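*Asks:* I would like the entire structure built from these sequences, with the hints used as guidance.
Protein sequences, first through last, are from chains X and Y. Each residue of the first sequence is one higher than the one before, starting from 5 at the first, in this note's numbering. Each residue of the second sequence is one higher than the one before, starting from 146 at the first, in this note's numbering.
FYI, nobody ran anything at the bench for these hints, they're computed from the structure. Values in this document were obtained by computation on a predicted structure and should not be read as measured data. Just so you know, even glycine gets a beta-carbon here, dropped at the ideal spot from N, CA and C. Some clues are possibly wrong.
Far from chain X by the CB rule (all over 12 Å, computed), these chain Y residues [stated by the list, open to error]:
{"id": "1", "residue": "S245"}
{"id": "2", "residue": "A260"}
{"id": "3", "residue": "K375"}
{"id": "4", "residue": "R387"}
Some but not every residue of chain X turned toward chain Y, in silico, with C-beta under 10 Å [claimed, not checked]:
{"id": "5", "residue": "L62"}
{"id": "6", "residue": "I68"}
{"id": "7", "residue": "G113"}
{"id": "8", "residue": "M116"}
{"id": "9", "residue": "T118"}
{"id": "10", "residue": "G122"}
{"id": "11", "residue": "H123"}
{"id": "12", "residue": "I144"}
{"id": "13", "residue": "M163"}
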Amino acid sequence: MYSVEQLKYISTDIRKKIIEIAHSAKGGHIGGSLSSVDILVALYFNIMKHDPSDPSRLDRDRFIMSKGHSVEGLYCVLAKAGYFPEAMLSEYGKFNTIFYGHPTLKVPGVEMPTGSLGHGLSIAVGMALGAKRDKATNRIFVLMGDGEQAEGSIWEAAMAASHYKLDNLVAIIDNNNLQISGHIDSVMRLSSLRQKYEAFGWNVVEIDGHDFHQLTEALNTTPWKAGMPNLIIAHTIKGRGVSFMENSASWHHKVLTEEDFERAMDELNHSEKEAI
Amino acid sequence: MTPSKISCRQSFSRALCNIAQKNKNIYVITSDSKGSATLENFEKAYPDQFVEVGIAEQDAIGIGAGLAKTGKRVFVCGPASFYSSRCLDQVKVDVAYAHSDVKIIGISGGVSYGALGSTHHSLHDIAVMRTLPGLAIYLPCDNYQTTAITELLANYSGPAYMRMGRNPVADVYTEASGVVFMPGKANKLHEGNDCTIIAAGEMVQPSLGAAMLLEKEGIRVRVLDFWSIKPLDADAIVSAARETGLIITVEEHSIFGGLGAAVSEVVVQTVPVPMKILGLPDEWAPSGSSRELFEYYGFTAEKISDQIRSLMKCKQRK
Numbered sequence: 005m006y007s008v009e010q011l012k013y014i015s016t017d018i019r020k021k022i023i024e025i026a027h028s029a030k031g032g033h034i035g036g037s038l039s040s041v042d043i044l045v046a047l048y049f050n051i052m053k054h055d056p057s058d059p060s061r062l063d064r065d066r067f068i069m070s071k072g073h074s075v076e077g078l079y080c081v082l083a084k085a086g087y088f089p090e091a092m093l094s095e096y097g098k099f100n101t102i103f104y105g106h107p108t109l110k111v112p113g114v115e116m117p118t119g120s121l122g123h124g125l126s127i128a129v130g131m132a133l134g135a136k137r138d139k140a141t142n143r144i145f146v147l148m149g150d151g152e153q154a155e156g157s158i159w160e161a162a163m164a165a166s167h168y169k170l171d172n173l174v175a176i177i178d179n180n181n182l183q184i185s186g187h188i189d190s191v192m193r194l195s196s197l198r199q200k201y202e203a204f205g206w207n208v209v210e211i212d213g214h215d216f217h218q219l220t221e222a223l224n225t226t227p228w229k230a231g232m233p234n235l236i237i238a239h240t241i242k243g244r245g246v247s248f249m250e251n252s253a254s255w256h257h258k259v260l261t262e263e264d265f266e267r268a269m270d271e272l273n274h275s276e277k278e279a280i
Numbered sequence: 146m147t148p149s150k151i152s153c154r155q156s157f158s159r160a161l162c163n164i165a166q167k168n169k170n171i172y173v174i175t176s177d178s179k180g181s182a183t184l185e186n187f188e189k190a191y192p193d194q195f196v197e198v199g200i201a202e203q204d205a206i207g208i209g210a211g212l213a214k215t216g217k218r219v220f221v222c223g224p225a226s227f228y229s230s231r232c233l234d235q236v237k238v239d240v241a242y243a244h245s246d247v248k249i250i251g252i253s254g255g256v257s258y259g260a261l262g263s264t265h266h267s268l269h270d271i272a273v274m275r276t277l278p279g280l281a282i283y284l285p286c287d288n289y290q291t292t293a294i295t296e297l298l299a300n301y302s303g304p305a306y307m308r309m310g311r312n313p314v315a316d317v318y319t320e321a322s323g324v325v326f327m328p329g330k331a332n333k334l335h336e337g338n339d340c341t342i343i344a345a346g347e348m349v350q351p352s353l354g355a356a357m358l359l360e361k362e363g364i365r366v367r368v369l370d371f372w373s374i375k376p377l378d379a380d381a382i383v384s385a386a387r388e389t390g391l392i393i394t395v396e397e398h399s400i401f402g403g404l405g406a407a408v409s410e411v412v413v414q415t416v417p418v419p420m421k422i423l424g425l426p427d428e429w430a431p432s433g434s435s436r437e438l439f440e441y442y443g444f445t446a447e448k449i450s451d452q453i454r455s456l457m458k459c460k461q462r463k
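*Replies:* Following this line, the structure appears as structure tokens:
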């Protein structure tokens, strides 16, 4: 179990790696990777029962990255956790490597290929149902975007999760309020996600998605109520950790200039020193 | 030939029940389609291996893929029309790209639903599914073959699409024949070197009927049952082109992108010979039962044989 300080240090280190590989690949989805990285770090370093030396062991907890475009964050976390050497990350974005711009099964630790939005919750429901039928005690985690909530298939899965009383399922929404075209509510109004999921029979908590105390508390205590699926609405900041990227929709998919890269790394190096 | 009392979907259901008794990892998912798939008995006998998701095909495929990743062999069963279009993205990504152990069982394929109309017809499914790498495509023509393919699927780890009809069908194969079906291997039902009919699914029986009619006139027609559309038996196509010089494909599918297209892709790149693709033209079918539609579009032994007679005349002129 890592301390909150250690988790913060790991997160900052991973943020630097995200910037480096996005810069080297001249592309990527930096904003969403930075908003979700603390959630991933909490999951992979403190919460999930998993074994990087044996990614397919049967009793593992499982994680589905439904918002597959935030792949830089996932790759960097998997490398840091030990699924493959961090040096391999330099292959990201290069021709004919295992590192596509969305997760694939070629990458050790990835449970399912994702990238077409609205798929992850159904897959997680299937895994959670399989675990229930097998009377297994592992948990299934799935991370979705807030813009992704416009996909109708999510609500089919939300219904099924509640119908089958999947309290071993923990869904997390990276609620950074921005998607590629702009503010979530200007693209397609979400209104209250809490009320929507509660109406579908879920137990919902809202937390600061960058606060490791709150993340650990929420993720460690499921099921909050027996027989109900769990949803964490994690309030986050798109581009978190790099001041000029924060809360800016343009950093959903923008390419870093040399100057951007230097500035971002300076800021993150500074944060890293503070974390030490 | 005497029509069986049961349909392919019933044979599928019986076979799967037998298999599920021994293999507890066999799972069935339906989307309010256990009636159309005749799986009520499966649900009663094996409730722990049965999952109902409601009218939600996208969810059915996603849940199927998730279940498969926990070690289950999952059969997602429902109307072919919806499972080849409504949830195509899930079929592409969650099943084919992820190489999940999910078998999509398209019930009431082609124009099986007859007068229910084009919303319920699947005349696009083979074309669509054929483009997904790693997804096997099988079309049984009768009860014996349906049972055999169901057993084959139950012993195979990986994605597949099986499409079958809704209505009772005549037997093409008998238990006594003991024919074994290997993926990617067509089955020769009738010998002949004057021309070849390549057919799949419910079109096999009238194609065989056409060959019988023509035999009386001295025209020897080779009939190949192409139940395995993917993988495709390219060798059988090349031999047919080389040895018979004329190929007619017959399918309960659009003339675009289906069996005829698959066969012609091989023919034009190997041994180019004249071909005729019999299928449904580029139009929405009129109302009518599947039998009436078969008659209307010429999927009877008589009308297929008429086509061959006129094609043979052209061939002989050359």
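*Asks:* If a hint holds in the structure, say so; if it doesn't, say that too.
*Replies:* How the hints compare with the structure:
1. The Cβ of S245(Y) sits about 9 Å from the closest Cβ of chain X, inside the 12 Å cut-off, so the non-interface label is violated.
2. Every C-beta of chain X lies more than 12 Å from that of A260(Y), the closest at about 29 Å, which supports listing it as non-interface.
3. Remark: the non-interface label on K375(Y) is consistent with the geometry, its nearest Cβ contact in chain X lying 21 Å away (cut-off 12 Å).
4. Remark: the non-interface label on R387(Y) is consistent with the geometry, its nearest Cβ contact in chain X lying 38 Å away (cut-off 12 Å).
5. The criterion of a C-beta within 10 Å of any C-beta in chain Y is met by L62(X), whose closest approach is roughly 8 Å, and the hint holds.
6. Restraint check, I68(X) versus chain Y: the minimum CB separation of about 8 Å is within 10 Å; hint holds.
7. At about 14 Å, the closest approach between the beta carbon of G113(X) and any beta carbon in chain Y exceeds 10 Å, and the interface hint on this residue is violated.
8. Among the interface hints, the one on M116(X) holds; its C-beta lies about 6 Å from the nearest C-beta in chain Y, closer than the 10 Å criterion.
9. For the restraint placing T118(X) at the interface with chain Y, the shortest Cβ-Cβ distance is roughly 8 Å, inside the 10 Å limit, so the hint holds.
10. Because the closest C-beta pair between G122(X) and chain Y is about 8 Å apart, less than 10 Å, the hint holds.
11. With a cut of 10 Å, the hint placing H123(X) at the interface with chain Y holds, because the nearest CB-to-CB distance is about 6 Å.
12. Hint status for I144(X) relative to chain Y: holds, with the closest Cβ pair at about 8 Å, below 10 Å.
13. Among the interface hints, the one on M163(X) holds; its C-beta lies about 7 Å from the nearest C-beta in chain Y, closer than the 10 Å criterion.
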